[in-house]
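Engineer: We have chain F already, so just place chain X with the ligand on it with the hints.
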Amino acid sequence: MAILVLAEHDNASLKLDTAKVVACGQAIGGDVDVLIAGHECAAVVDAAKQLAGVRHVLVAQSVQYANGFADNVAQLIVDLAGDYEHILAAATSQGKDTLPRVSALLDVAQLSEVVEVVSADTFVRPIYAGNALATIQSHDAKKVLTVRTSAFDAVANDGAADVVAIDKVFDSVTQFVSQSLSKSERPELGAASVVVSGGRGLGSSENFVILEKLADKLGGALGASRAAVDAGFVSNDLQVGQTGKIVAPDLYIAVGISGAIQHLAGMKDSKVIVAINKDPEAPIFQIADYGLEADLFEAVPELTDLL
Amino acid sequence: MKVLVPVKRVVDANVKVRVNADNTDVDTANLKMAINPFCEIAVEEAVRLKEAGVVSEIVVVTVGPKAAQEQLRTAMALGADRGIHIQTEEALVPLSIAKLLNAVQKKEQAQLIILGKQTIDGDNNQTGQMLSALANMPQATFASEIKVDGDSLAVTREVDGGLQNVTISLPAVVTVDLRLNEPRYAKLPNIMKAKRKPLETLSIDDLGVSLKLHQTVLKVTPPAERKAGIMVASVAELADKLKNEAKVI
Ligand SMILES: Cc1cc2nc3c(=O)[nH]c(=O)nc-3n(C[C@H](O)[C@H](O)[C@H](O)COP(=O)(O)OP(=O)(O)OC[C@H]3O[C@@H](n4cnc5c(N)ncnc54)[C@H](O)[C@@H]3O)c2cc1C
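Protein sequences appear in the order of chains F and X. Note that the numbering used here has the first sequence beginning at 96, numbered continuously upward. Note that the numbering used here has the second sequence beginning at 195, numbered continuously upward.
Every clue listed holds true.
Heads up, simulated SDA-like pairs for lysine to any residue below, C-alpha to C-alpha not over 25 Å straight-line:
(1) Lys237/F / Ala97/F
(2) Lys196/X / Ala388/X
(3) Lys437/X / Asp311/F
(4) Lys435/X / Ala343/F
(5) Lys435/X / Pro375/F
(6) Lys441/X / Ala286/F
(7) Lys366/F / Lys437/X
(8) Lys363/F / Pro231/X
(9) Lys387/X / Gln281/X
(10) Lys237/F / Asn330/X
(11) Lys196/X / Asn384/X
(12) Lys366/F / Thr230/F
Think of the hints as simulated: they come from the structure by calculation, not from any bench. If you're wondering where the values come from, they're calculated on a predicted model, not measured in any experiment.
Bound-form chain F, shown alone (with noise of 0.2 Å):
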């Protein structure tokens, strides 16, 4: 029994997410296969080779490639197939992408967000924003699943796969235009294990500058509930919650957050959680570790100053 782990990576670098991927194949128990398809992504390959546990590392290099779109990736996802039983990616937005088609190329359901693995054929999974976890089993011949990647821990870094390289090139149907990527010196959301996150009690993408205080003096990153995306606070690579990212560091600060379902949904399993709320009925105080009834304009800065 084998799987197969899509690296997740941007050419440059291979992602944490992937570390964590891996540790759910060595949960479902197998030889584990990393597959990377990229372009030019030789630190990619030399870090992927170094994941615990990681028995080949195939590489598929082509410019077609280089975006890692879903239709062509599938497609050699696909075609590798016959080997795994398990296929396996991070549920980011290349992973939720792809897998589906490989999924119905393969005749087979998926299962989405698995956070937990009881034995090769039946996994959990949350639905309703995480109100519920299914307990499912698996009757298709391969299991095809994205993985929740804050629900596991990363592999350690001190294998030593061999690299297998893979020459077929399916071409991609989607141009690729342009994009415009965030950039920040922070850490990433899913890496962190401090997230300071903002919302609509904000105000204005200039206020977020006191969150950023703080966060960069916890090393932290940051983050931000849906409507402080849509009210055009920060970038949407930076929302939380049910549709946007999942993440459970070691602390998660929310301020001037109210807690919808759909924002618990992106932090509920954050181990300790702080809410800074000026309204003492804000639902996020029915799940926060400890909770400061405050406005945040007087108490950020001031927590920022104390640690």
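Structural biologist: Just chain X with the ligand now, kept in the frame of chain F:
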């Protein structure tokens, strides 16, 4: 051109669902139901394309129980021209739904299929991509902006790192994200008019699709409860707790 918009009936986004007593499912009895918010955004986008003169006909389709006709009527009140109801009482996996939608697309030959990126019940985020693969049409997921330009479609996608702009050729499948548009409210005269718009009901057999049993839900359980926290009186107390009690900083 013709647009096909698949929609789903789900528990309203403002309702917090609970697991039932025998841990077999969530309890949806007597809960307020609604059109899935992402599907509503998909319908709205189709209506805007029609208002802009790009689209000539909007067909909405749903797979679901008899009551799901309500959501087709809602979509028609927002501006869809006709509805197709594939009636089934069974809860189907996204792959089965995608197969049924593909059978509808074979008949309808729509140039564009717009659907929500996920439903807020199953949170699967699969159906559009699966349909695109089965129908062998290009896909663009998580759209926050779309522009039709002749035979091609320019799409801005919300990806993990930010925004990505791509073009794909029509016919194509697009799944929509939250920031694509803000759906309108249906006006009363349009709600009345929607009642007379054509609605065709089909069975799975009518479509000639054979479905498989892919999985079994063994149980549905509530998530672990967080233990109750405390309210602190001051910023100083908060800082102290974080350093000395929680030891997270
Ligand atoms: C389909 C769907 C998907 C969704 N997905 C997501 C998602 O992924 N993520 C997400 O976050 N939301 C999501 N939402 C939206 C969600 O329902 C809420 O609308 C949103 O989370 C509210 O954001 P907020 O808490 O910032 O704003 P509000 O609910 O407006 O809360 C603002 C809070 O700030 C407090 N405040 C204001 N001023 C101050 C001050 N000076 N000092 C201290 N506190 C102050 C207020 O007391 C209030 O509690 C989704 C909704 C739908 C329907």
